[in-house]
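Protein chains in written order, with the numbering used here: chain A, 1 to 430; chain B, 1 to 307.
Hints are not guaranteed to be accurate.
Unchecked claim - Keeping only pairs whose Cα atoms sit at most 30 Å apart, straight-line, the calculated DSS-like set for lysine-lysine is:
id	chain 1	residue 1	chain 2	residue 2
1	B	K172	B	K112
2	A	K3	B	K181
3	B	K10	A	K404
What the hints assert, rightly or not - Partial selection, computed: residues in chain A whose CB lies under 8 Å from chain B:
id	residue
4	K3
5	T4
6	L6
7	V16
8	N210
9	I212
10	E214
11	I216
12	V217
13	S218
14	S219
15	V220
16	Y413
17	K416
In case anyone wonders, no lab produced these hints; they're calculated from the structure.
Note that beta-carbon positions come from the ideal geometry of N, C-alpha and C, so glycine has one too.
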Amino acid sequence: MNKTGLVISREYFTRVKKKSFLLTTILVPLVIIAFYAAIIFISVKGGSENKNIAVLDESGLFGNEKDIKETNLKLTFLKNETESSFKSKYKNEGYDAFLYIPKFDLNKNPDFTIHSPNTLSLSASSQIEKTINKALEDKRLIAAGIDPEKYSQIQADVTLNNTIDTKEGSKKSVAGLAYGVSFACGILIYMMMIIYGTQVMRGVMEEKTNRIAEVIVSSVKPFQLMLGKIIGIGAVGLTQFAVWIILIGVMQFIVPLIFPEMMANATSGISEEQKASVAAEIMQGLSALPLVKIGALFLFYFLAGFLTYASLFAAIGSVVSDDQQEAQQLVFPVLMPIILGFVIMTQALNNPNSALAVFGSIFPLTSPIVMMGRITYDIPAWQLATSMAVLVGTFFLLTWLTGKIYRTGILMYGKKPSWKEMMKWAVRKA
Amino acid sequence: MNILELHNLKKYFATQKAVDDISFNLKEGSIFGLLGPNGAGKTTLLRMITGIFYPDSGEIMLDGKKFDPLNDIRNIGYMPEERGLYKKMKIGEQVLYLARLKGLSKSEAIQKAKEWFVKFEMESWWNKKVEDLSKGMSQKLQFVTTILHEPRLIILDEPFSGLDPVNANLIKEEIYNIARKGSTIIFSTHRMEQVEEICDHIVLVNKGKKILDGSISGVKNDFKENKFEILIDYNGESNDKFKFIEKGQGQAIIKINENTQPNEILQYFISQNVQIHGFREIMPSLNDIFIKLVENTEKAREFQKFN
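So that you can see chain A by itself, here it is in the shape it has in the complex (with noise of 0.2 Å):
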């Protein structure tokens, strides 16, 4: 084996055995499977509190005075109390809440007063508000002159369904999953690119603090100690991903299986046809979306992306000593691209043509994320060659320059060098 390759799995192997690396690497999909359970659990829950509300109806609005009943509301209509002694007795006589309708007019929106214990759910003072609109409505309909029957039957809604028309064929599109996916590599990208950057750094540093980088540049050049350091933790970085996205693949399958009722109380509120259209949607969705391809550009991403800005931060390491505070300013420029990039992203997602979104998808620095916002648009084919072209070229041209400065740095001790300093590191030749 050369000596790159000893080096790379070195870093590799050190850093795979470690338990950290186990633990996040396991709990991460575990945290996301549950944080699933706990949305699906809490929307299950929350669906099936039920509301006991008194109402004091001095106006007349819901005029027959009959106890409405909802899904998860029930409202009792009182008589002979007024709002100041029955604000005292609603809590002992079992409601949750109770409501004040004084007179008003009906032509205006009024304002009503709520008393409760504790603060309504948002659910529950929204569900609230549609009742008594829906009542208003329908007395302003009457007093109108409208069947408020006949009006609902008036009512449009209408869908619109997005369809692509590519060469393979029209495709239905699915405008939210198209997004989420684009979001998703972007913010992958984004951490995968801060975490296992950070981690070259440290690696560099610890080389340097430990006094081991002498001992070895004795044995391998400086640039293939580099080299090997950012291959062999980016090839960590790409195991944890394999990890991930078999352990959620898998998750998917077995937790419906271990928690049958969960699933099944999931979705009890949704009817058959109603699940079976989600699901054909989201299929329909996700094959509408040029999965290879995304899968494709987001490997060369996120590989071209750590490489060019690993080479960054093993140099960063190189110069500063143990101190954490001197490590912090240095990283701070290096950070800026990242975020800056996240940020154009985001915009990206929703205008993927803009020349802001262009211009971030095509400059080195930042395109690696930019990119990943218009990945699942069509993008052109020049852009996107010019984007990875000038993203290779860039890692080279940094990779040399850093590589030199990191030659100088990991033997140096004491003082932090300038960035002058620095700057002449890299552009010396030899």
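Given the coordinates of chain A, work out where chain B should sit on it, guided by the hints.
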């Protein structure tokens, strides 16, 4: 046969002439001392010999051929002054890793590592981590990693710092052993008593230049000051042949004037009817020579601009 020859090596940094035209030769199988005050350029010189730095000009010849850092690494073992190991890595794995970086195959590395671990009684360390070791223990480990691949040229920068006398002796013995087997050792230190004890040949550098080069006895001879210790009872004064430097009860140190032979002094005292109980030449210690040569230069090198 010279294993290493340096011809007019130069390495300038932005503010310093770290190594300024240094040449010397190293015989195979010798133990060579590279001396010099702090900042004299020793580390830079060693880094060029180990291929970490390229010289600005000059030539390094290894075994009569031009030094090729890529392929000659296998023949060099370097233990730098700023040394260390991966703290979190298991000791066995670490030794194998460093040996394989030098070009040993995995099975070769395992076999050699086991041999040395037995020899130095470190078998129980194999699965421990470096952070579990004391400073002296990790020093011992570092020495093993330096010589494991049986390099022909071994460079040790302050190898005994932090070692207790027992372990220092262990390593000293090993250094002799290795030299006897034909490897050459460069030994860089400013502990002069160790140099006197171990080295055959020394070079002293200061401010990037070589100021002394020779065998220990040769160097001492060159720097002797014609001082003698003489055991006598004598109350007379100095004369034109010698001068008292120190006078004590039954003992004195005298400096003999140039062109005067020690025998003339003895004859003088005999003629004075003085009983001579002992007479011996005082050779300067390396320490004295070192201080004498280095003292007159500024304590620290100044940063200088040059083009």
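Going through the hints against the structure:
no.: 1; hint: B:K172 <-> B:K112; in the structure: 20 Å, holds
no.: 2; hint: A:K3 <-> B:K181; in the structure: 29 Å, holds
no.: 3; hint: B:K10 <-> A:K404; in the structure: 20 Å, holds
no.: 4; hint: K3; in the structure: 6 Å, holds
no.: 5; hint: T4; in the structure: 10 Å, violated
no.: 6; hint: L6; in the structure: 6 Å, holds
no.: 7; hint: V16; in the structure: 14 Å, violated
no.: 8; hint: N210; in the structure: 4 Å, holds
no.: 9; hint: I212; in the structure: 4 Å, holds
no.: 10; hint: E214; in the structure: 4 Å, holds
no.: 11; hint: I216; in the structure: 7 Å, holds
no.: 12; hint: V217; in the structure: 5 Å, holds
no.: 13; hint: S218; in the structure: 4 Å, holds
no.: 14; hint: S219; in the structure: 4 Å, holds
no.: 15; hint: V220; in the structure: 6 Å, holds
no.: 16; hint: Y413; in the structure: 7 Å, holds
no.: 17; hint: K416; in the structure: 16 Å, violated
In summary, the numbered hints that this structure violates are 5, 7, 17.
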